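Chains as they are written, first to last, in the working numbering: chain P, 1 to 384; chain B, 1 to 353.
Worth flagging that the hints you see were computed from the coordinates, not collected in a lab.
Possibly wrong hints are sitting among the right ones.
SDA-like, lysine to any residue: derived pairs with alpha carbons at most 25 Å apart [to be verified]:
| hint | chain 1 | residue 1 | chain 2 | residue 2 |
| --- | --- | --- | --- | --- |
| 1 | B | Lys242 | P | Arg71 |
| 2 | B | Lys200 | B | Gly260 |
| 3 | B | Lys108 | P | Ile109 |
As the structure is a computational prediction, the values presented were derived from the model and not from experiment.
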Amino acid sequence: MDRRSFVKNACLGSAALYFHQLSFGLPSDIANPQVPRIELRGLPQKPSPLGMPGLFPGRVVEISSPDAIVRNRVSQPLIKEMLDHGMKRLTGEISVQDAWAKFVDPKDIIGIKINPSGAPACCSSPEIVREIVAAVQSVGVPARNIIIYDRYAYEIDIGSYQALVPPEVKVVGIQDAFTGASGYDMNIYCDANFFGEWETRSYMASIVAHGVTKIINVPTMKDHSAAGVTGCLKNLGYGTFNNVARSHRQPYSFTDPLIGMMCSVEPLRSKAVLHIMDGMRLVWHGGPLTQVQDFIYPAGKMYIGTDPVAMDTIELKAIEEKRQQEGVPSVWEHDPSSITSNDYEFFHDPRKNLFYRRPGHIASAGKLGLGVADPAQIDHLRIS
Amino acid sequence: MTPTQGNTSSRTLANDWPTLLKDNQRTGGQQRVGVGAPKKVRWQMRLGTSIRSAPVFSNGLLYVTGIEGALFAIDTAIGRLKWKFEIEDQIHSTPSMWKNSVLFGSDKGKVYAVDAGSGSKLWEASATAEVWTSPVVAAGVVYFGSADARLYAIDAETGRQRWIQEFGGRIYSTAFVTPDRLYFGCGDGKVYCLEPASGKILWQTSTGNGIDSSPAVTPDTLLIGSEDFFFYALNPENGAVKWKYETGLGICSSPAVAEGAVIFGSKDGYLYALEISTGKLLWKAHMGGVVTAPPVVAGEVVCIQAGGTFAFDLSSGKELWRAGLGGAVQSAPVLSEGVMYVVSLDGEVYALQ
């Protein structure tokens, strides 16, 4: 985009932002190509106080129960208990309903952004989604105004979400295959040319831009071959914009800073009011798509907060600790000998990876004001 | 009680494949002649729409529903489109045949009856949420479940409503109908048995999670998988659990039955064959990926679609061949007169010989 286009967009009320050659990379980087100019265009609107980092910046409630997942099955009654306790602790409210009412109004159209990409081995648990639906209904939102969504319909199919959630709740896959832009708003986008790709724009899903008024984000707890980890930020950013796989080409990745930048685009930033991370299963290698149970640990945890950066910082720490425990390299490691282009080798050898991972995307999102990345400043509350 | 082929009319030919897994008994074919490794592609067609359902076959025509809202009738002799019936809605429902009509459901809750020869609409009926199940016809009545948690019975000639029964969860399980029983699984985790004439609930049996799989029924056993990781064998008379078998993840693959065995896939990536009378594992075969589609049986061969199309020996579970085409979530091959018809998630239709 040239200066003339920029001025025109600005006159039209564009919320375009420019990031170019910012120091998002790691000091220890091995020759990652320089971050190209990334242009963001969102809807012109005043940010909502509920939007990221939300009502409780820096606060993360971690709820643990060893019985919440037994023999790979998630306990519905324990999930309800964990969610109720966590919401009260996050908000300081005495009643569960009052806690939810801080985020949800009966007139809202609620989007529940799931992560089905590891289905069926590791995806947002239907048990958690059901309890969120019930809680949202308890505030007065009718089931027909609740939409469970993600980008890929076929992944939702594999997770059987359609069959497992209450009647009247809508279950929507934005697109049917890897291509197709009919479910996206062409006026809201991120534009960048990372590797010389022919389509340099990623567009925001219309359901996010116009279909829902609030978003409850339900990420899973997984390492990610390109981003380092996938948590609140990546589930939101890469689950809202299309054409995102172009941001990483072996062995390099621009997930840092793209993930955080996508999350900063309005109205996504304002609508994502609550994050409930499904930590029943912790994937410490092979994410986001692995089905290899050897690397999926039944952690039995749930994390709740409004600050996606703080939550992902805690998630990153937990995955790093698990990897250390298992004797495999850190997700920060950038050793050329660890890179493989063999998918089978990647999925079965936790010392191998497809890309130089970029967990720095979390700190980069913090720099954009999306939350608190400094562990020392995070109010990490634990409930057992 | 002896199950009958409620969906197949007197005009149905031996090689026809009029509903999900060939007939209401989910025999998945059970052709006497097995299916060898495909040697060539007789023809291939690109429909330009993702396909989530299984095709059906009758009178030389293959009927396929496309997600973007079309029912296609393909002349299998030449691999050309004969006609296309379009609606402004998405379609996930596997079509089924009754007399000269093709029936299917849509995501906005309509069920259509289309003339099988001409592609013109005969009638439509409405539910209040998506119909992903395949409509099943018995004794002139169409039965279908909907995500609105209701099961509908409508007149197959006119589309007029006979009765509606409400349940506790969404219905994605295609019903199995006999003259005096109707069985299906429900999102509330229960297997239901109804009286087809009235919709009255005769019995219900709970599993540990929602049910997405469609049942198969032999003369003395109802077979169905649940998202609670278990595969169940129930007494069709009273719903009592005869046995259950645990797999590594949820089961949404609908079972096929053959030679005293029931064959189904699990999301844990295995294809299982169990002895129907005991629940004993006969074999399991690793598929290398999630298995959500139903298998079909041809002679001594079990075929199933997952990341591609696979064939296993029915008695040993040994992999016989695999073809890197026909990747699908819920589709199943149709086998007729030595030809295998396969549709894929990305909208391709193949006739393999």
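Verification of the hints:
no., hint, result
1, B/Lys242 - P/Arg71, "23 Å, holds"
2, B/Lys200 - B/Gly260, "31 Å, violated"
3, B/Lys108 - P/Ile109, "19 Å, holds"
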